[in-house]
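Protein chains: 2
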Amino acid sequence: MKFSEKVKKCGLSPMRKFHPYAVAAVAAGKKIYHLNIGQPDIETPEAAFEAVRHFTQPVLEYAPSPGIPELITAVQNYYDKLGIHFAESEILVTTGGSEALQIALNCILDDGDEIIIPEPFYPNYSTFVYTTGASIRPLTTTPEEGYFYADRARIEALINEKTRAILVTNPGNPTGVVLSPAEMRMIADVAKEHGLFLIGDEVYREFVYGGEALASMGQFEDAAENVILIDSVSKRFSACGARIGVIISRNAELMAHAMKYCQARLSVATLDQVAAAALYTVPGDYFAAVREEYKRRRDTVVSKLKEIPGVVCKCPEGAFYLMAKLPVDSADAFQQWLLTDFDDNGETVMFAPGESFYGTPGKGVDEIRIAYVLKEADLARACDLLALGIKAYNAK
Amino acid sequence: MKFSEKVKKCGLSPMRKFHPYAVAAVAAGKKIYHLNIGQPDIETPEAAFEAVRHFTQPVLEYAPSPGIPELITAVQNYYDKLGIHFAESEILVTTGGSEALQIALNCILDDGDEIIIPEPFYPNYSTFVYTTGASIRPLTTTPEEGYFYADRARIEALINEKTRAILVTNPGNPTGVVLSPAEMRMIADVAKEHGLFLIGDEVYREFVYGGEALASMGQFEDAAENVILIDSVSKRFSACGARIGVIISRNAELMAHAMKYCQARLSVATLDQVAAAALYTVPGDYFAAVREEYKRRRDTVVSKLKEIPGVVCKCPEGAFYLMAKLPVDSADAFQQWLLTDFDDNGETVMFAPGESFYGTPGKGVDEIRIAYVLKEADLARACDLLALGIKAYNAK
Chain A
1 MKFSEKVKKC GLSPMRKFHP YAVAAVAAGK KIYHLNIGQP DIETPEAAFE AVRHFTQPVL
61 EYAPSPGIPE LITAVQNYYD KLGIHFAESE ILVTTGGSEA LQIALNCILD DGDEIIIPEP
121 FYPNYSTFVY TTGASIRPLT TTPEEGYFYA DRARIEALIN EKTRAILVTN PGNPTGVVLS
181 PAEMRMIADV AKEHGLFLIG DEVYREFVYG GEALASMGQF EDAAENVILI DSVSKRFSAC
241 GARIGVIISR NAELMAHAMK YCQARLSVAT LDQVAAAALY TVPGDYFAAV REEYKRRRDT
301 VVSKLKEIPG VVCKCPEGAF YLMAKLPVDS ADAFQQWLLT DFDDNGETVM FAPGESFYGT
361 PGKGVDEIRI AYVLKEADLA RACDLLALGI KAYNAK
Chain B
1 MKFSEKVKKC GLSPMRKFHP YAVAAVAAGK KIYHLNIGQP DIETPEAAFE AVRHFTQPVL
61 EYAPSPGIPE LITAVQNYYD KLGIHFAESE ILVTTGGSEA LQIALNCILD DGDEIIIPEP
121 FYPNYSTFVY TTGASIRPLT TTPEEGYFYA DRARIEALIN EKTRAILVTN PGNPTGVVLS
181 PAEMRMIADV AKEHGLFLIG DEVYREFVYG GEALASMGQF EDAAENVILI DSVSKRFSAC
241 GARIGVIISR NAELMAHAMK YCQARLSVAT LDQVAAAALY TVPGDYFAAV REEYKRRRDT
301 VVSKLKEIPG VVCKCPEGAF YLMAKLPVDS ADAFQQWLLT DFDDNGETVM FAPGESFYGT
361 PGKGVDEIRI AYVLKEADLA RACDLLALGI KAYNAK
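Protein chains in written order, with my numbering: chain A, 1 to 396; chain B, 1 to 396.
In short, the hints are calculated from the structure, not lab data.
Careful: at least some of the hints might be erroneous.
If several chains are the same, the list does not tell them apart, and a pair holds so long as it fits within one copy or across any two.
[Unchecked claim] 27 Å max Cα-Cα, derived BS3-like pairs, lysine-lysine: (1) 192 <-> 8; (2) 192 <-> 2; (3) 304 <-> 391; (4) 162 <-> 8; (5) 363 <-> 162; (6) 9 <-> 162; (7) 31 <-> 8; (8) 363 <-> 306; (9) 17 <-> 396.
Could you build all of it, start to finish, from the sequences and the hints given here?
See below:
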C-alpha cells in the first residue's frame, strides 16, 4: 500500500524527538530540567474550571460550527479593547491555533505554491504547509543579527509568481523577536502591493517586555483583504489543553471558504468554548502579573547565557522563547549526550535543537531553542547545567 | 488574491444549507420539526460531567499527542469486550471522528488518487477527500435496492491503478445499511487482494436493531495492514460536543505517519478526554436502553413513511438515519417550499435533501435523509407534516 507523498515529507516534532532518551534518563534516576516544551507552569485562571463545573445542559451537543456566540463576543470585546473591531462574521472558533492555521493554509495554498516564512520558524508550520502541497520559502535570519527579518528588500527578493502569502509569528516563536509598528506597517504594505495574504500568528501577543502597546496585523484596515489572524487562548491564559483558537479575517471570501472546513468538522469542543469565554473575563492585571513573571525569567536566562563562553544570544523582546547559538558541533548530538552521558549531581537539561526550526538544509545545526516556562531558580540551574554540559562535551 | 483550487471544490454542509430559511420561518412564528441534523436528544451519561467537575489540576496542560493513557486504555477495554485486541500504539485519540478521517485520508491520498465510497455517503467525506487532492469514486446504490452496495463485482469494477482505498460507513450514514458478517469479510478480502486500505467508519456500531453481534472491520486480523478504523464517542454516548474520536490501525507505518499529524496539532482537548474516558465506564445496559429507544423511533418513522403514496423506503437496519425517495420533482425545492410556503397549524418539517449525499451529478435529487433523533410523538407528527406537505406541494 502506498502512503501520501505529502505526509512522507513531514517529520515528527523536534520538541519531542528526544523523548525516548529522556525516558531512559529518568529511569536511570536523572532529574531533567525541561526547556524544550512551551508548556507554561502558570496556573490557568479558575474562571475556566468554574464555568465548566457550572455547565448544566443534559446533552453535550455539537456547538455551532463557527463557535458559540459567547466566545465570539468575548473575542470581539478583547480586540475592541485593542482598538480593533471585528464583526461576528469575521471570527471563526477553531480547535487551537493549530486548526486555525491548517484551515487558513488549506484555503489559500495549492500544489506548487509558496509561502514566505522567516526562519527559524515553528516547525509544525512545515507539516501544515506540506499537507497543502505547497512549500515554505524561508526568509533566512542569523543569531548574530538577533534573528532580524523585517527588511523590505530581503522579503521582496523572495517573492515570485508562485508566492501566495507571508506568515509572521509576532511575537516570534522560536526567536522572541517582536516587530516594531513601522516594521509591521512595512510588511503589510509588501503584502498589499504584491497581492499576498499576510498571516499574523499572534498567539503570544501579550508577551512583550519593553512596555510596547499590544499590536496586531489586524490594525491595518487598508490591508483588510490581505490579513488573516491566528489567535489562541493556549498561551494567553495558560490553557493549552483547552485547544481553543480563532481564525480572524475581514476578507469575506476567505471566511466563506474557511466556513466550509468549520462545517465539515462540525464543531469545536463545547465545554472548552464555555471555558474559553470565561477566560476572557479575567481582569487586566492578570496579564500584567504574568508579563512581569516571564520578563524576570527571560532576564535570568539571558544573563546566565551571556556568561557562557561562545554562546551567541541577543535578548529577545517577546514570547517566552529564545534561540541561542552554542559552541558545539551539533545541538542534536549534544542533546543526546546530555541525556545519555552527562549529569551534575544527578541532574541534566533538555532544549529543542535548532535544525528543525529552519527550512534551509544545514541551518541551525549549532543552535537551540529555550522555552523559559519554569520558575527562575529552576531556569538558573538549567542554564548552569547547560554551561557545565558544554564544557564537558567539548573537553571529551 | 488566489484561493486554493481544492477548497473551491468544497461546499457548505447540506444539513445546514436551509438554515437561513429556517430562521425566517421561525421568525414568522412557525414551529419546525428537525429531521435534518444527527444531534441526538438522548442525555449524555452523567459520568462525563462528573469527571470534568472533579478535574483538579491547576494548569490545563496539553495532553500527550497520542491521547491520555486513561482514554486509550478505555478504548482498548471496549474493543477487548468485542473480542478484538488493539495495542496502545494502535490507537490515537483525535478531535472527533472528523479529525480521525482527515488524518487517515491525508496519510494515504495524493493528488489524482481515488477512494471508493458507496453513495449516498456522509457529505463531509467530500471536503476531506478534496483537501488531499484525490477524488471519490462513488459506488452507486438505489433506493429500490435499499441502498445495497456489498457486491464484489460492483466494487471490483471501480478499482483501477489510481485506487488507494475503500471507505465504508457501517452502520451507514445516511442509509442505515448494516453489512452482514459475510459482506464485511468479502470487502476485507477485496481490499487485501487489491492492496487497498479499507477505512471502516464505525461510529454507529452500537446502533443495530436486528439483534446482530456488534461487528468491526478490525476483527479481520489477516487484513491488519489494510484496515483503518474511525470511531467516536459522539453518537455512542450522545456526546457530540466532546469532539473525541480515535483512529485505530494495526498498520505500524500508517500509525507512524498519523502520529506526525497528531504531534503537529499538539494534542486533543484535555478535559474532553477525561470526560470520554469516564463515558466508557457506563454499564452495558445503557446501550441496550438506547438501542431500544432508537429502534422504536425507526419503526415509527418507517411505518409512517410506508403510508405515504409514492415514497420508496426500505426499513434500515442500523444507525439513526434513513434515506427515502419522495414523489416530488426536487427535494431541494420542496424543502425550501416547506419553509417558505407551507404549514399545518403553524408547523412544518426539515430534512436533509439527498443530492449532496451523492458523488454522481444528478443523483438523489428526489431523495431525502431523515435523522430519527426526536421523541416518537414528534417523529410521528413530523412524518404527518411530510405527508401533508407532499400532497399540497404536488397539488399546487
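Evaluation of the provided hints:
| no. | hint | in the structure |
| --- | --- | --- |
| 1 | 192 <-> 8 | between (34 Å within a copy, 23 Å between copies) |
| 2 | 192 <-> 2 | between (41 Å within a copy, 13 Å between copies) |
| 3 | 304 <-> 391 | within (15 Å within a copy, 82 Å between copies) |
| 4 | 162 <-> 8 | both (23 Å within a copy, 18 Å between copies) |
| 5 | 363 <-> 162 | within (24 Å within a copy, 38 Å between copies) |
| 6 | 9 <-> 162 | both (20 Å within a copy, 21 Å between copies) |
| 7 | 31 <-> 8 | neither (35 Å within a copy, 52 Å between copies) |
| 8 | 363 <-> 306 | within (22 Å within a copy, 70 Å between copies) |
| 9 | 17 <-> 396 | within (24 Å within a copy, 68 Å between copies) |
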